[in-house]
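*Asks:* These are the residues of each chain, in order.
Protein chains: 2
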Amino acid sequence: MIAIDWGGSNLRAYRLDEAGRVLERRRGDIGALACSGRHGETLAGVIAGWKDPLVVLSGMIGARGGWVEAPYVPCPASTDVLAAGMVDMAGQAGAVPALAGRSLWCVPGMADHRGQSADVMRGEETQVTGLLEQLGPGSHTVCLPGTHSKWVQVEGGAITRITTALTGELYGLLRRHSILARSMPETEPAILDARAFDAGLAAARAGGGLLHDLFGVRTAALFDRFPAEALPSYLSGLLLGHELPPALASAGDGPVHLLGNDALLDRYARALAAHGRTVLRHREELAAAGMYRLARARFG
Amino acid sequence: MIAIDWGGSNLRAYRLDEAGRVLERRRGDIGALACSGRHGETLAGVIAGWKDPLVVLSGMIGARGGWVEAPYVPCPASTDVLAAGMVDMAGQAGAVPALAGRSLWCVPGMADHRGQSADVMRGEETQVTGLLEQLGPGSHTVCLPGTHSKWVQVEGGAITRITTALTGELYGLLRRHSILARSMPETEPAILDARAFDAGLAAARAGGGLLHDLFGVRTAALFDRFPAEALPSYLSGLLLGHELPPALASAGDGPVHLLGNDALLDRYARALAAHGRTVLRHREELAAAGMYRLARARFG
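Chain order of the listed sequences is A and B. Read in numbering that gives the first Met the number 0, the first sequence has 258 at position 259, and its numbers run on one by one without any break. Read in numbering that gives the first Met the number 0, the second sequence has 273 at position 274, and its numbers run on one by one without any break.
Isolated chain A, as found in the complex (with noise of 0.2 Å):
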């Protein structure tokens, strides 16, 4: 089968063979949302020469906006119950002629509509399914640091509670238009600066909340506590400070496992060890795996 992770800002294909494992892997740079219309005539030049018919996609594809919209599968969702929820794609796909004698498939996201706001993701259920055999039965906290970190419980091989943190969209937002970017340097320093980053994080833990402590970043650039190029990393540290402790009350006292690239992880995993937590590092390659067991609860 092929797997296609067609995310907001790029496109990776895998091709599996019939015990999942990935036999080939190709990539494409063009976001699933920035491509109306071509969506076809993307995909069959990605997976031109791949003869696999089934060909499962997840991620933001499945959008509103995206190439098709499928709905969102409420929690509790065991992989069976997520797999029932796969939409059918012959639509979009009989309308290109460069997929015919495909079969394609795309992933629902998954909506918890158990808080005082709703929560949602789309893309991070594939992964975390691709992480659940690894898992076993049990409570497991699952942590996908990003622009939106995503957060997910799963108990007993079920997707129980999801909760977002806009902390990677605000570390942008605040890094480039507010008024701490004017004592920043304009390109992000290479290493964080783990003493600022360590300041940040016990900032947080100060109680002021973070509407307050964000203007510190500004004082502390004021009385030069911290050399420009350890801001950055004073500000991550100060917003990862805010977001793990409502993040960790809903978890339980188990490794946090984290999915995501090396650099981000890094951060998280210092910041969980700063609040007594141990984690557990995954590959980021996840979302293959998780199609694979989708298409198995599904087609057998």
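I should point out that these hints are in silico values taken from the structure, not numbers from a laboratory. In this text, a Cβ means the ideal position worked out from N, Cα and C, and glycines have one as well. Just to be clear, a hint being listed does not mean it is correct.
[To be verified] Restraint-style ranges between C-beta atoms, simulated for each label pair:
{"no.": "1", "chain 1": "B", "residue 1": "SER249", "chain 2": "A", "residue 2": "LEU221", "range": "20 to 26 Å"}
{"no.": "2", "chain 1": "B", "residue 1": "ASP87", "chain 2": "A", "residue 2": "PRO184", "range": "35 to 41 Å"}
{"no.": "3", "chain 1": "A", "residue 1": "SER8", "chain 2": "B", "residue 2": "ALA189", "range": "33 to 39 Å"}
{"no.": "4", "chain 1": "A", "residue 1": "PRO184", "chain 2": "B", "residue 2": "GLU284", "range": "37 to 43 Å"}
{"no.": "5", "chain 1": "B", "residue 1": "SER249", "chain 2": "A", "residue 2": "GLU284", "range": "48 to 54 Å"}
{"no.": "6", "chain 1": "A", "residue 1": "GLY93", "chain 2": "B", "residue 2": "ASN260", "range": "55 to 61 Å"}
{"no.": "7", "chain 1": "A", "residue 1": "SER8", "chain 2": "B", "residue 2": "ALA47", "range": "53 to 59 Å"}
{"no.": "8", "chain 1": "A", "residue 1": "ILE190", "chain 2": "B", "residue 2": "ARG280", "range": "45 to 51 Å"}
{"no.": "9", "chain 1": "A", "residue 1": "PHE222", "chain 2": "B", "residue 2": "ARG282", "range": "56 to 62 Å"}
{"no.": "10", "chain 1": "A", "residue 1": "GLN115", "chain 2": "B", "residue 2": "PRO188", "range": "51 to 57 Å"}
{"no.": "11", "chain 1": "A", "residue 1": "ALA248", "chain 2": "B", "residue 2": "VAL21", "range": "51 to 57 Å"}
{"no.": "12", "chain 1": "B", "residue 1": "ARG204", "chain 2": "A", "residue 2": "GLY64", "range": "30 to 36 Å"}
{"no.": "13", "chain 1": "A", "residue 1": "PRO226", "chain 2": "B", "residue 2": "GLY7", "range": "36 to 42 Å"}
{"no.": "14", "chain 1": "B", "residue 1": "ILE190", "chain 2": "A", "residue 2": "ALA97", "range": "48 to 54 Å"}
[As the list claims (entries may be wrong)] Stretch by stretch, here's where chain B covers chain A in the computed footprint (C-beta under 8 Å, at least three residues):
{"no.": "15", "stretch": "202 to 211"}
{"no.": "16", "stretch": "243 to 257"}
Starting from the known structure of chain A, arrange chain B on it as the hints suggest.
*Replies:* Just chain B now, kept in the frame of chain A:
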């Protein structure tokens, strides 16, 4: 005397009589940090025809990058201490023929170094000083909402504590540049949607944390919880709901004194009422009263 309230975006000039009553008002639309090298000529133009030799200036004009850098006076500071920190601008004024015969003095900003991170204000100390007579002895909490909201504690006529919240700036950033902006009308709705604002206040109390709650604005749009025109009010309620609890934690039980523009004060009054607090509103012209009081303390 002449009192000049020169902030980041405009200038307000007042001619006061011997008792501090405002005789005349003028405005200029040039910010204190935006007219490098032309401060003197700009001021001379605004006060042309006013013969009073004493000119007191307050606000961002005394910041780094302004006309003169007036060092921050640390908390706690009485009016006498603040007045003693006023900076003689003879050097600056002497270079401007049109200001010959004038005596110029700049009010310093204030700093609070007692928290984990320092806090500062510049201009608000003058407004609060203008309010002191009305406050009388005892402990008081003054809130000056804005791009950077200032919470000021007053004890026995001295300013003892400063807490800044980045609320207004963050609202603008999220409103214009974030994923949340996509769901909102571009122009600010003329009136507050009270139901959405209150829902934002309530969501902030749920304990999920600001970074999480912000994503709830996105899902509120996704699941049509509010019409698009109500979403800015929901966001505003969320932010105020997060600003208030830590700010009130160090405030006494008395009423909160509010200084600012009416529309913003309406929101703060509503949010404070939801937190069981009464408010007293004050007119915005307190800067002139503050400079008068400081001039009397310094020069008799």
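*Asks:* None of the hints should be skipped; say for each whether it holds.
*Replies:* Right, here's what the structure says about each hint:
1. B/SER249 - A/LEU221: 20 to 26 Å: At roughly 22 Å between Cβ atoms, A/LEU221 and B/SER249 fall inside 20 to 26 Å, so the hint holds.
2. B/ASP87 - A/PRO184: 35 to 41 Å: 36 Å, holds
3. A/SER8 - B/ALA189: 33 to 39 Å: 37 Å, holds
4. A/PRO184 - B/GLU284: 37 to 43 Å: 41 Å, holds
5. B/SER249 - A/GLU284: 48 to 54 Å: 49 Å, holds
6. A/GLY93 - B/ASN260: 55 to 61 Å: Hint holds: Cβ distance 59 Å, inside 55 to 61 Å.
7. A/SER8 - B/ALA47: 53 to 59 Å: 57 Å, holds
8. A/ILE190 - B/ARG280: 45 to 51 Å: 50 Å, holds
9. A/PHE222 - B/ARG282: 56 to 62 Å: 33 Å, violated
10. A/GLN115 - B/PRO188: 51 to 57 Å: 23 Å, violated
11. A/ALA248 - B/VAL21: 51 to 57 Å: 53 Å, holds
12. B/ARG204 - A/GLY64: 30 to 36 Å: 33 Å, holds
13. A/PRO226 - B/GLY7: 36 to 42 Å: 26 Å, violated
14. B/ILE190 - A/ALA97: 48 to 54 Å: 53 Å, holds
15. 202 to 211: Coverage by chain B holds here, the residue count being 8 at a Cβ distance below 8 Å.
16. 243 to 257: This one holds; 4 residues, not fewer than the three required, reach chain B with a Cβ under 8 Å.
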